[in-house]
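These are the residues of each chain, in order.
Protein chains: 2
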Amino acid sequence: MLLSPSSIHVTKWSRAEFIFSISNNPKHFTSTWMVATFKNGNINKTVRGFYDDDGRFILRFMPQQEGNWEFITQSNIDELNNIEGSVYCEAASQEETGPVERDAIYHFKYANGKTYYPFGTTAYVWNHQSDDIQKKTLASLENSPFNKIRMCVFPKHYTYNFKEPERFAFPGNIEDGFDFSRFDCVFFRQLESQIDELKRRGIEADLIIFHPYDRWGFSQMDEEIDSRYVEYLVARLSSFSNIWWSLANEFDLLKEKTMSFWDTRIKQISKEDPYGHLMSIHNWHTPPLHYTNNDHWYDHHSNLLTHASIQHHDLWFVPGWRNEYSKPIVIDECRYEGNIDCGWGCITAQKMVNLFWEGVCAGGYVTHGESYLSDDDIIWWSHGGVLKGESTPRIAFLRSILEEGSSKRLFPKRIQKNAQWDTLIGHMGDDYLLVWLGENQPAFKWLAMLPEGKSYYIDIIDSWNMTITRLPETYKMGDKLALPGKTGIALRMTLVNQ
Amino acid sequence: MLLSPSSIHVTKWSRAEFIFSISNNPKHFTSTWMVATFKNGNINKTVRGFYDDDGRFILRFMPQQEGNWEFITQSNIDELNNIEGSVYCEAASQEETGPVERDAIYHFKYANGKTYYPFGTTAYVWNHQSDDIQKKTLASLENSPFNKIRMCVFPKHYTYNFKEPERFAFPGNIEDGFDFSRFDCVFFRQLESQIDELKRRGIEADLIIFHPYDRWGFSQMDEEIDSRYVEYLVARLSSFSNIWWSLANEFDLLKEKTMSFWDTRIKQISKEDPYGHLMSIHNWHTPPLHYTNNDHWYDHHSNLLTHASIQHHDLWFVPGWRNEYSKPIVIDECRYEGNIDCGWGCITAQKMVNLFWEGVCAGGYVTHGESYLSDDDIIWWSHGGVLKGESTPRIAFLRSILEEGSSKRLFPKRIQKNAQWDTLIGHMGDDYLLVWLGENQPAFKWLAMLPEGKSYYIDIIDSWNMTITRLPETYKMGDKLALPGKTGIALRMTLVNQ
Chain A
48 MLLSPSSIHV TKWSRAEFIF SISNNPKHFT STWMVATFKN GNINKTVRGF YDDDGRFILR
108 FMPQQEGNWE FITQSNIDEL NNIEGSVYCE AASQEETGPV ERDAIYHFKY ANGKTYYPFG
168 TTAYVWNHQS DDIQKKTLAS LENSPFNKIR MCVFPKHYTY NFKEPERFAF PGNIEDGFDF
228 SRFDCVFFRQ LESQIDELKR RGIEADLIIF HPYDRWGFSQ MDEEIDSRYV EYLVARLSSF
288 SNIWWSLANE FDLLKEKTMS FWDTRIKQIS KEDPYGHLMS IHNWHTPPLH YTNNDHWYDH
348 HSNLLTHASI QHHDLWFVPG WRNEYSKPIV IDECRYEGNI DCGWGCITAQ KMVNLFWEGV
408 CAGGYVTHGE SYLSDDDIIW WSHGGVLKGE STPRIAFLRS ILEEGSSKRL FPKRIQKNAQ
468 WDTLIGHMGD DYLLVWLGEN QPAFKWLAML PEGKSYYIDI IDSWNMTITR LPETYKMGDK
528 LALPGKTGIA LRMTLVNQ
Chain B
48 MLLSPSSIHV TKWSRAEFIF SISNNPKHFT STWMVATFKN GNINKTVRGF YDDDGRFILR
108 FMPQQEGNWE FITQSNIDEL NNIEGSVYCE AASQEETGPV ERDAIYHFKY ANGKTYYPFG
168 TTAYVWNHQS DDIQKKTLAS LENSPFNKIR MCVFPKHYTY NFKEPERFAF PGNIEDGFDF
228 SRFDCVFFRQ LESQIDELKR RGIEADLIIF HPYDRWGFSQ MDEEIDSRYV EYLVARLSSF
288 SNIWWSLANE FDLLKEKTMS FWDTRIKQIS KEDPYGHLMS IHNWHTPPLH YTNNDHWYDH
348 HSNLLTHASI QHHDLWFVPG WRNEYSKPIV IDECRYEGNI DCGWGCITAQ KMVNLFWEGV
408 CAGGYVTHGE SYLSDDDIIW WSHGGVLKGE STPRIAFLRS ILEEGSSKRL FPKRIQKNAQ
468 WDTLIGHMGD DYLLVWLGEN QPAFKWLAML PEGKSYYIDI IDSWNMTITR LPETYKMGDK
528 LALPGKTGIA LRMTLVNQ
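Just so you know, the sequences run in chain order A and B.
Note that the working numbering numbers the first sequence so that position 418 is 465, with each residue one more than the last.
Note that the working numbering numbers the second sequence so that position 486 is 533, with each residue one more than the last.
Bear in mind the hints are in silico, worked out from the structure with no lab data behind them.
There could be a bad hint or two in this list.
Chain copies aren't distinguished; within one or between two, either way the pair holds.
[What the hints assert, rightly or not] With a Cα cut of at most 20 Å, we get these calculated PhoX-like pairs of lysine-lysine: (1) K435 to K533; (2) K464 to K302; (3) K398 to K533.
All chains should be modelled from the sequences, with the hints used to inform the complete structure.
Structure representation (structure tokens):
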């Protein structure tokens, strides 16, 4: 029986929800299925419903086109079969951007056409912390440049992560074990509320479905349970416009799972998600001698993966990965600003800022993380809380430079001429060049990177002090440009329109 | 006719020189040869003489064993054939170390047994500069930590290097061309005097035989001339105890020369040099995607190469190269401290210091260079002159740490435990560990790198401020060590003898 009205009005990219009443029986988690076909003119979408416990079955839908969507359900039980309804989709508000999608091979945009530059951060299990910490995390995010967050469904077992969370995706606890034939719908409702809180702040939820840091058994479930878990997750969450699917963090540390397991899960999500949300899988191992390693990297050539989510400390390789994979390159871990004892968690703020600039000028995107020791062992990288690092305002500064003016789809370029290969340039044809001098300290440069016969305005950007100084003259190819002779300098070169 | 006495007394590893008078005819450069066989008990050495112009033929010998060495000459002209003589070799003085040779697979020692840690610098054509600059160079070297210098026989044509030198290995000049059938012996005597000046200051001359930076034609001579040039160079210079043969700088930029050319030259030197001086060949290309590249790297596996002379900016690979080549790894260019416009010449002093520590703790050795702009365009990297950089005293500090106490043959080690793979450790078994935290800033470390069941003294070394602070307690494996939480920190761990 359909409890909610059979016709709902929503705006584009928001969520319509239909609630069906059935018998209160946990067997529905494993034995009952329902899908609905939504139709709007020639467009068809098949959407899976899910059992929400307590005799409630739910069907959610995110319309991507305006107009009337009629649906009819199919199910293996009579109470959910052949039920009809509709969603009337109105125009989105000005603020509503819709989901992020791939754009121009190497980049992203929102569904409403607005450019999206991923400036991600990482707080793996902020959603498993106390209400107080969650509030702090959301407040920190609100005042930060970050518009994507990597976060896990499952809790994390790892150094600095030994507190027991209150709830899990499955009912149970570590002492008594878990009931993998059910889901804990209170947990899922919390997760949904957290994802909605992110959405309100313009933040994409890069949701990590599996990970290896585990003392509860969630990394070693039977494949049947893994499959049901993925199906359930997608049924509950794909109608959230800000969801991204990250198959795993450091997938190659999940030693029991084979490459064919990941193939199957990726295909499953692709089939189950009617909206084609962004999807990726993130590696652990960064081979020292080669830039990719088939044993440890999932094959990012796969058409089902929308972008390459890479862990690597050397962003020199970004242009190579772009060429190799022909999709956006997102460095979803390049070590974290901080001072803890782990190799991945003690780089300086300057280094983090350098990595962001390097990644962006190489035509990729970089994800932030922070791991400063604290008295209460609340560390941003895992728990969220309060951002303390000095890189955050500088990352905001870089984001403001990218977002200023017209959309910037940077292509990477290195120039050999005059041994200027240390200079990393992101360019948009001849119109705009963003030149990163990084950790070098040249006192001047010959402007070998400019196209011939054209004049440019040049801004000297100090990435650390966050200043932009427009030079009074204009410059041409071959001119000599005096520089501050210190590290962390970028140059913005804008074509003079004649 | 032998002009000098037929019997000469010298100390071990110094140079005996016999001068023969023949007709004054430049044809001797191409048509006349003479070799002498030196005998001392069971030891035989075949040594080539050379024409020194003006009717002088010279035979030089560096005895490596004490006692009486008798020789007899062979030649294709009667005046130089069947001449007998002897060298009486006395014990070396305390200060005389003899030539540097390989030791303990990955390291070096002097022939007298003293450990030699290469702390090289680079001033490619200091020997082609004015007398005034040459004096400044020698004075700078005398007060520096550097005990090896990379320098070229031929002058250099390159940015900041456009002045015409006075003399060349061949008589002639750029306007009128060069006579490749002769050698300019005034030039060679100057070169010898320069090498001796280095020797007086305890500096090895890593002599670069070929290089690509050329406007005179020395990089494109016929192979017959190349071969005669190499033979002549070895005949003149192999008796200099501080000579090292560097076949080329950036050999892979000498596009006309094939790999088999280099094979032949390496074999030729190996055959012609009776003393087996150190020999290497140095690459240009540092492939971005692989740590070696067969197209661009000469095969350092060759037994005739005593060490791998590598250009690379990433010393992370040093342990891999050690394993691969089973010989000493000398990073003979990792970019230079400075502020010029070239990618290789604008790193900070901090970065240069970091590279030295990283190389040494990885069980390799690193070569310095400096390229600060100056009003007179005299830049250390090429011309010598005055050292200005801030890395030099810090490199001296590192050298003093290595040279303190017993000989240190460091083996590299990285530890995965507790994610401490960012920590690079050079160790000598359980006795001594030199731990480099590099550009990281951890506030503490778990001492996972110490062998179990042993106690250690720990010194906190600040590589930039050049301080060494001995901690009052001793430490064991698994202890927590508080750290300054800044970059450039090293730890020296010394076994407590019980």
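- Message: For each hint given before, does the structure comply? Return the numbers of the non-compliant ones in rising order.
- Response: Violated hints: none; all satisfied.
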